[in-house]
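S.K.: Given next are the chains, with one letter for each unit.
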Amino acid sequence: MLSFLIRRLNLLLITAFILTILAFAIDRTILIHHQTQPIVQQDYILQYFSYLWQIFSADLGHSALDQQPLLQRGLTFFASTLELCFVALLFSCIIAIPLGLLAGLFRNTKLDYAIMTVAIIGLALPVFWVGVMAVLLPSVWGDILPVDGNMSLVYDIPVVTGFLLIDTLFVTPQYGLFAFFDRVAHLILPAAVLSFFLIAEIVRLTRHSMTMVMRSNYIQTAYAKGFSRTKIVFKHALNNALPPIIPQLRLQLSTILSFAMTIEIVFNLNGIGTWLFNSLKTGDYHALPAGMLIITGFILMFSIAIEITMVIISPIRRGSLYADK
Amino acid sequence: MLINNGFNEDKIQSPLRYIWSIFKSKSIAVVAMWVIVFLVLVSLFASWLVPHSPLLQDPNKMLLPPYWVDGGSIDHVLGTDDLGRDTLSRLFHGIQYTLGGALLITLFVSIIGMTIGAGAALTKGLKASVLHHLLDALLAIPSLLSALILITFFGPSYINCLFAIALSLLPQFIRASYLAIEQELNKQYIVALQLDGAAKTRLFKYGILPNILEPTITILNRLFTMAIIEIATLGFLGFGAQLPQTELGSLIANNMELIYLSPWLVAFPGLAIFITIIIVNVFAEGLRHAVIEGEE
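Order-wise, the sequence lines are chains V and L.
Per the working numbering, the first sequence starts with residue 1, numbered consecutively.
Per the working numbering, the second sequence starts with residue 1001, numbered consecutively.
Just so you know, these hints were derived from the structure itself, not from any lab.
Built from N, CA and C at the ideal position, the CB exists for glycine as well.
Please note that the accuracy of each hint is not assured.
Stated by the list, open to error - What the simulated footprint calls covered on chain L by chain V, stretch by stretch (three residues with Cβ under 8 Å from a Cβ of chain V suffice, anywhere in the stretch; the number is not a length):
no., segment
1, 1130-1140
2, 1143-1155
3, 1248-1259
4, 1268-1279
Said to hold, decoys possible - Listed next, the in silico DMTMM-like pairs over lysine to aspartate or glutamate satisfying Cα-Cα at most 25 Å (straight line):
no., chain 1, residue 1, chain 2, residue 2
5, V, Lys-110, L, Glu-1214
6, L, Lys-1124, V, Glu-307
7, L, Lys-1026, L, Glu-1295
Sequences are here, hints too, so could you generate the full structure?
M.R.: Following this line, the structure appears as structure tokens:
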């Protein structure tokens, strides 16, 4: 276990090193292109180390627009992006996993074709267009759900964790649960739009995984023993079909994030996508390396965490513990 | 292999021909294929096919609805925008930018990505490990972000947007093709070829390439879908095609303020993107099933 952990962390370090070099390169190119700050004549390697020191001391400079520290601003915005992704993921898992399992169980039947058609439609709908169409909804159905911003402006929520769903719970003495419900209402439509893509992905992955499991020898053995189909599915197939979906979905994480960023811009949510977009439009280019470091840092940490969890929960994956021996 | 050509009926069908004969029996996929051919032809010859120039303004016919709605005119089948420009012509030109760009990106990325992926899978040691870590790092950057970074440096334009999307989709493609080849390498017939002393290129050409057809179709399909969505997204955000160019995403963005007056102007470009992607997906799915059936 220890050698596995060390190997993973080693990978993490090398990848993080490459990413900091990339961020440094972007930062310096911006400096030279746009001359935002006076250029210090110095060795690039020394400059890189001082940049690295800045990253470690959690200081990525200040925004040229509002003089706020970039890292703290970026993290707050990123938390709201994550919130959106998480709610969408929850939403789509509830819908997509049963559908995928059904499609995998009844492969090549009418039910399977119907589910897969829905999945292909979900994949083919351009996210930003669905967003634009969803913004139109209030004019059709009346003001049921809000389509602009993170929260109603009447609530004054102090930033504690950055996750507004949690932060609104801290202000219950002031507003009761109204702030929380307001946040939930603001999240529903963007999360629903994001989950179009997610549902399509998860249905596809679940179906594939379920088909593979149902074809495998141990399921055939279970059939031969005379177990009923329900018992086989619930006791043997589900346990083996669900875990492989997680690492597959992890590979899609960067796609999901980039869709979430687009949706934020369409719905005018205060997330990292809107932040980067507005910063670039107004010429505050130093937000770019900061945003990149935040997003990629999260994706790296998350990937490693998922891999370690997978080794703990899934016996098949445990083989990679001894990969090099 | 010796094939006796004296008796024609004994001739063994080539695998590709066999796959084609299976594919032909899937009517939906064949229809999808012809629609793709139609779309590609439309995007190639858009300037000659459309009834009006996409930039021709007509002050007498502003914001016309499609012809089947009251007040529409058959002269402008899908209506006109706020300057009286014909929506159908603009859509055809939009498909030219979006579909054509996506095809170019797919071609470029698949050739380069396949080469690098195969190189990484077939070599071992330092080269493969350096590539691996570099890919891990690049994969952690969402494609929208890397497109934003590249566009910040090179300025927003349609060509730069194509470059940015190609570069951001390249790592994903390399990783996917690498995984496909890696899985193939463990199979026994590849080991047999290696024991025969086959060189790396021969191993790839005759051992691996015919057997990774099915995963390749899946990744190509995915690459193409993502390319279309991303071209449209960047166009929508204003980082892609610039104003006189009628890219589908930028059409949506330009017509956003007219969305309450004439929702058609936003709906049609989105539907065009949607239909293009769905047709390609149906085609690829049919092809994939034909390959699987052909292999079995």
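S.K.: Just to make sure I understand the rule, a stretch counts as covered if three or more of its residues have a C-beta closer than 8 Å to a C-beta of the chain. Does the segment 1268-1279 of chain L meet that for chain V?
M.R.: With 6 residues close enough to chain V, the hint holds.
S.K.: Please check whether the segment 1143-1155 of chain L has three or more residues whose CB lies within less than 8 Å of a CB on chain V.
M.R.: holds (count 7)
S.K.: Checking C-beta pairs, does the segment 1248-1259 of chain L have three or more residues closer than 8 Å to chain V?
M.R.: holds (count 4)
S.K.: Between Lys-1026 (chain L) and Glu-1295 (chain L), is the straight-line Cα distance small enough, at 25 Å or below?
M.R.: 16 Å, holds
S.K.: Is it true that the CA of Lys-1124 (chain L) sits at most 25 Å from the CA of Glu-307 (chain V)?
M.R.: Roughly 24 Å between the alpha carbons, so the hint for Lys-1124 (chain L) and Glu-307 (chain V) holds.
S.K.: Need the status of pair Lys-110 (chain V), Glu-1214 (chain L): alpha-carbon distance at most 25 Å?
M.R.: 24 Å, holds
S.K.: Three or more residues of the segment 1130-1140 of chain L near chain V by CB distance under 8 Å?
M.R.: It holds: at least three residues are needed, and the segment 1130-1140 of chain L offers 6 whose Cβ sits within less than 8 Å of chain V.
Violation of the numbered hints given earlier is absent; every hint is satisfied by the structure.
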